[in-house]
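Asker: Here are the chains, one letter per residue:
Number of protein chains: 2
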Amino acid sequence: MNLWFTETENSNLAVKYRIKQVLAHKKTKFQELLVVETERFGRALILDGAVQTTIADEYVYHEMIAHVPLFTHPQPQKVLIIGGGDGGTVRETLKHRSVEEIHIVEIDPEVVAAAKQYLPELSSGFNDPRVTIHHLDGIEYIAGCQNEYDVLIIDSSDPVGPAVGLFQSQFYRQAARALKDDGIFVAQTESPWLNFGLTLPEIYHNIKAAFPLTRMYICNIPTYPCGLWSFTLGSKRYDPLEVNPDKIADLGYRYYTPDLHRAAFVLPRFLQDLL
Amino acid sequence: MNLWFTETENSNLAVKYRIKQVLAHKKTKFQELLVVETERFGRALILDGAVQTTIADEYVYHEMIAHVPLFTHPQPQKVLIIGGGDGGTVRETLKHRSVEEIHIVEIDPEVVAAAKQYLPELSSGFNDPRVTIHHLDGIEYIAGCQNEYDVLIIDSSDPVGPAVGLFQSQFYRQAARALKDDGIFVAQTESPWLNFGLTLPEIYHNIKAAFPLTRMYICNIPTYPCGLWSFTLGSKRYDPLEVNPDKIADLGYRYYTPDLHRAAFVLPRFLQDLL
Chain A
415 MNLWFTETEN SNLAVKYRIK QVLAHKKTKF QELLVVETER FGRALILDGA
465 VQTTIADEYV YHEMIAHVPL FTHPQPQKVL IIGGGDGGTV RETLKHRSVE
515 EIHIVEIDPE VVAAAKQYLP ELSSGFNDPR VTIHHLDGIE YIAGCQNEYD
565 VLIIDSSDPV GPAVGLFQSQ FYRQAARALK DDGIFVAQTE SPWLNFGLTL
615 PEIYHNIKAA FPLTRMYICN IPTYPCGLWS FTLGSKRYDP LEVNPDKIAD
665 LGYRYYTPDL HRAAFVLPRF LQDLL
Chain B
415 MNLWFTETEN SNLAVKYRIK QVLAHKKTKF QELLVVETER FGRALILDGA
465 VQTTIADEYV YHEMIAHVPL FTHPQPQKVL IIGGGDGGTV RETLKHRSVE
515 EIHIVEIDPE VVAAAKQYLP ELSSGFNDPR VTIHHLDGIE YIAGCQNEYD
565 VLIIDSSDPV GPAVGLFQSQ FYRQAARALK DDGIFVAQTE SPWLNFGLTL
615 PEIYHNIKAA FPLTRMYICN IPTYPCGLWS FTLGSKRYDP LEVNPDKIAD
665 LGYRYYTPDL HRAAFVLPRF LQDLL
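If you're matching them up, the sequences are chains A and B in order. Taken in order, the first sequence gives residues 415 to 689; the numbers are from the numbering used here. Taken in order, the second sequence gives residues 415 to 689; the numbers are from the numbering used here.
Quick caveat, the hints were computed from the structure, so don't treat them as lab data. Bear in mind that the values here come from a model prediction, so they are computed numbers and not experimental data. Any given hint could be a false lead.
Copies of the same chain are indistinguishable here, so a pair counts whether it falls within one copy or spans any two.
[What the hints assert, rightly or not] 20 angstroms max Cα-Cα, derived SDA-like pairs, lysine to any residue: (1) Lys509 - Arg683; (2) Lys622 - Gly666; (3) Lys661 - Arg683; (4) Lys430 - Leu417; (5) Lys430 - Ile469; (6) Lys530 - Glu421; (7) Lys430 - Leu655; (8) Lys509 - Phe684; (9) Lys434 - Asn424; (10) Lys594 - Pro488.
All chains, full assembly: derive it from the sequences and hints.
Answerer: Here it is as structure tokens:
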């Protein structure tokens, strides 16, 4: 079929995916939602024109956003995920036996519904008794939290549209307050090669201002433009680089490994210089 | 200007770059050569429809293909580069003071001519007295070499068209013979997410059969499809993982660092499993 979805990164760069079938397409209250079956990467969730996740490579993003902070904390019990409506991050979080309670704050119920219907490989964890989903604004939700979570994961879309407030200094200060005294924060923090509204150094410095220890790590996501993607970890006590790789249990990974836990923090020179 | 170059990875995936200007476009004896000025990545060399290098990100590929093997060897003096007609690899190789003699075997003189005219940032090293350029077939050239080089770098295009023979077992065995007893080989070995003719595991195993020690390392190249790119190092004696990072001099890098020398060899689980 000569049907294509084109992701336009900016006015000068675009990526085109051949589509087998459009499975869902609607305007929700918050964004334009598209679920397609691509020829190359299988089913894909697309929000406001940007690929969020695909069946073929979703494990890269979800393993890296979940296991790096969860293994940095010695005993994570209570976890908050803001965004994450496709379910991949909670699926990975549930693999940690110490975790007793997970709250997901996904503003758009239609994203969760689409994931349940079209992405069962990702959304299986939504029915786990440890999980509660709140369809609320993450900024409002977190304003009511204090000293409550061990790990906080910001699994958001780009800093345009509904997620823009999740990249601001004020939100990161609230996030730090929502964490316990030894809590750990992580957020997806975009690509150094692109600029959707806020640049990666701006986001990094907003996080750095809110936490005693801040470290960026990277991975390669083939369906994110230019491939290189960053996460920024903010910590009140534990250093992700001090995790003993021998203590990292094998929970069934496809991208993450004990050695990669540390190697992901080794940044190329140009990225060090940006920060 | 609404002028676009589209790189078609396969029939299901494509990347589009907006073009300011077409600087050169010709059919050479070996391939279709295009030099364009892109809006996002500056000037780009494109061969047979595939972006080879751009001004904005060329340093990633060239630093990683040159410095990893050159710092693995304690005293590289004589270096052979097969391909490399844009000049970026020889520019990086020339930064190593121990290097006395570099031979470049680039089959297509028109690539070198285009690099000299349009990519002076890359091609500056061609005029260095230590450098000799041979416009010959790399396979034929190497058949005449024995026990001659300290480092051999295969800086080729994809395993389709003129470069296909550079990915075969027989060529790798000849490459091993061209090296001294403690020589080091490296080749760009494609992406695990793509398949141009030969898969990454096939190429890796062809190299592994020719060398006592074989190790793959990776980097992120934003203008290569899906971003993740691999190199495979074959060695007769020295192990790249035993290089002391404190002994890696700062030769003015933009991507490579002493810590990245080691971290680049830490592969994601799916890539370990592929090999």
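Asker: Hint by hint, which ones does the structure fall short of?
Answerer: 2, 6, 7
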